[in-house]
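**Q** Spelled out, the chains give:
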Amino acid sequence: MSRVIVRIPTPLRSYTDGADEVEVEAATVGDALQALAHRHEGLLSRVCAADGSLRPFVNIYLGADNIRDLGGLAVALPHDGAVLAIVPAVAGGAGGARERRITELKASVPEVGPREALAQQAQGAALIDVREADEIAQGSPRGAFRLGRGFLELRVEEAIPDTDRPLLIMCGGGVRSLFAAEGLQRLGYRKVASVAGGFSRWKAEGLPFETPRGLDPHARERYARHLTMPEVGEAGQRRLLDSRVLLIGAGGLGSPAALYLAAAGVGTLGIVDHDVVDRSNLQRQILHNDERIGQPKVDSARRTLQGLNPSVDIATWAERLTSANVERILEGYDVVVDGSDNFPTRYLVNDACVRLQIPCVHGSVYRFEGQVTVFWPAYPTRRGPCYRCLYPEPPPAEFAPSCADAGVLGVLPGVVGLLEAVETIKLLLGLGDPLVGRLLHYDALRARFDEYRLAANPDCALCAEGRAFPGYVDYDAFCATAA
Amino acid sequence: MATLRLPAPLRDKLISAAQTGYPDEVCGLLLGRQDADAVTVCAVHAARNVHPDRTADRFLIEAQDYLDAEYEAAASGLQVVGVWHSHPDHPPRPSATDREFAWAGWSYPIVAVNAGVATELRSWRLEGETFDEEEVLS
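These protein sequence lines are chains A and B, in that order.
First residue of the first sequence? That's 0 in numbering that gives the first Met the number 0, and the numbers climb one at a time after it.
First residue of the second sequence? That's 0 in numbering that gives the first Met the number 0, and the numbers climb one at a time after it.
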């Protein structure tokens, strides 16, 4: 054991009651520090890390030598009166470009702690989480606007039009949010603050958050062109994935509609078709192919759609719609796409959609012409008609030729079926103005689209206010007789 | 706001050293007295910037220079009361690096040097995890 003098640097003298040196008895440098720690609580943690090693910001000199060069804390103390000096690393500097920018930002962007941010959010401030989607999937404060950093400046105005509303910007650790906050200041937002410590600190302080369902990497890649559109984005894509659309018919109209709806990521596609694939279908029904002639159309459709997008759930009914099964099949769907080619089915679909308040996207084709509309009397924004408002009863069979009788330009159902798909996506996402109360007519020969207004019939036997549901009608027998 | 008393001749010494060392960061230690209401600088102790690779935007004081400063202070009945350094072509505000390495209880005057000419001197003290500015009087 030797008696050594330990010199205490000014920053640590608060632990030694101001003393600039302390005498201890020890055999090694490490022992000397332990003895010092024993006498002056708190000092050791400033000098040594939790594992007992010397902290990188601190050096200890034995005489003129750094003990790191002599062998570390195990170095034996040579004689009584040796001097050990604790030397703090004295360092700093303006730093590189990144650090300089951050320093400037900190001078111009106010910071608030997570608790304060939560309180301000409760008082109406908008909390904007600018982290990447994979970070947000791990958790994000409730009620936060998840606008992403990349498109923040392009999207924020739509989400938060009031430039006087206080904004709280959050990232993972409180640095990216400074850059984001500056961008928002430049856009004209007057009260922008960055949340210090970001989501890490938010979580560490036990503040509430939720774990939003995110998209997996495959979905993110597949729907990348949707995700970059603010009108769809991750929330919209999520909504499509959660949506259920029923296609009446896997024929000329159903084929293009089904393909694009599956490609778009509509989560569940139901298909009703009792028919089998016929060679004469292949001129326009692009879900099917030559090898599948004779197979049920719903099976052929399933194979094609799953090949295009395996994540879509396909539900199929290889049966004719009747008054007995129509509600059971339609129940629970968000949108019905009517691509039927006969009046009995069309009326059943219309009646069930009105009863179940499901929007029905209706399309039909005839030779060189096609038309599309949306029958949805329950549309909250505008009262439109149902099919029966326009045609209370089916026409006599001789006035209603099907494709088989009249012929159709093969590509025409492609145009009309896709317009139905577009209307469907709009309805699912709540985008734009749907064709409720409007009929879009396409004349391929004149290459013209015309729009016609469709009014609801106030005396409609089916959808007029206060009318009891009159029951389903199977017109099959009627048509069959007429034919 | 805390106060740093930095007599004009010492202040001139810092500014002159900062300009001479430009474009590198220049650093040094302040010796003085800590009173209840203010820190008074009585001498400045030059120190070598031995940062291994980035002396233009970082500084690291040679440990021996720090030790010498401690001994010089003790011999005159003073203490090391702070560290000054220059920010070449950068405002005199503490950077993240400055904060990372800062010790509580010291004054951190920073001299901004733009294109070789010292333009501003401001001083800072660590309060918790952030730097607060302190008043500099001569």
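FYI, nobody ran anything at the bench for these hints, they're computed from the structure.
Be aware that one or more of the hints could be misleading.
Derived coverage of chain B by chain A (criterion: at least 3 residues anywhere in the stretch with Cβ under 8 Å from a Cβ of chain A; other residues may be distant) [what the hints assert, rightly or not]: (1) 1-13; (2) 18-24; (3) 36-44; (4) 88-96; (5) 104-115.
From chain B, some residues computed to sit far from chain A (all C-beta separations above 10 Å) [to be verified]: (6) 28; (7) 75; (8) 99; (9) 118; (10) 131; (11) 134; (12) 137.
Quick caveat, the model's predicted, so the values are computed rather than measured.
Using N, Cα and C, we set each Cβ at its ideal position, and we do this for glycine too.
**Q** Okay, the region 1-13 of chain B and chain A, do three or more residues pass the C-beta test at under 8 Å?
**A** With 0 residues in contact (Cβ-Cβ under 8 Å with chain A), the coverage given for the region 1-13 of chain B is violated.
**Q** Mind taking a look at whether chain A covers the region 104-115 of chain B? Criterion is 3 or more residues with CB to CB distance under 8 Å.
**A** holds (count 3)
**Q** At a Cβ distance under 8 Å, does chain A reach at least three residues of the region 18-24 of chain B?
**A** violated (count 1)
**Q** Taking the minimum C-beta separation from residue 28/B to chain A, is that value above 10 Å?
**A** Given a closest Cβ separation of 7 Å, the condition is violated.
**Q** Would residue 134/B pass as off the interface with chain A, using Cβ distances and a cut of 10 Å?
**A** Non-interface label on residue 134/B holds, nearest chain A Cβ at 18 Å vs cutoff 10 Å.
**Q** Please confirm whether residue 99/B is truly not at the interface, meaning its C-beta sits more than 10 Å away from all C-beta atoms of chain A.
**A** violated (8 Å)
**Q** Would you say residue 75/B is clear of chain A, with no C-beta pair closer than or equal to 10 Å?
**A** holds (13 Å)
**Q** Once the closest CB in chain A is found, is it more than 10 Å from residue 137/B?
**A** The assertion about residue 137/B holds, with a minimum of 23 Å to chain A.
**Q** Confirm or reject the coverage of the region 36-44 of chain B by chain A under the rule of 3 or more residues with a beta carbon closer than 8 Å to the chain's beta carbons.
**A** Coverage by chain A is violated for the region 36-44 of chain B (0 residues, Cβ < 8 Å).
**Q** So residue 118/B supposedly isn't at the interface. Is its beta-carbon more than 10 Å from every beta-carbon in chain A?
**A** At about 14 Å from chain A, residue 118/B clears the 10 Å cut-off, so the statement holds.
**Q** Would you assess whether residue 131/B, listed as outside the interface, keeps its beta-carbon beyond 10 Å of every beta-carbon in chain A?
**A** holds (13 Å)
**Q** Counting residues of the region 88-96 of chain B with a beta carbon closer than 8 Å to any beta carbon of chain A, are there 3 or more?
**A** It holds, with 7 qualifying residues against the three required.
When held up to the earlier numbered hints, the structure conflicts with 1, 2, 3, 6, 8 and fits the remainder.
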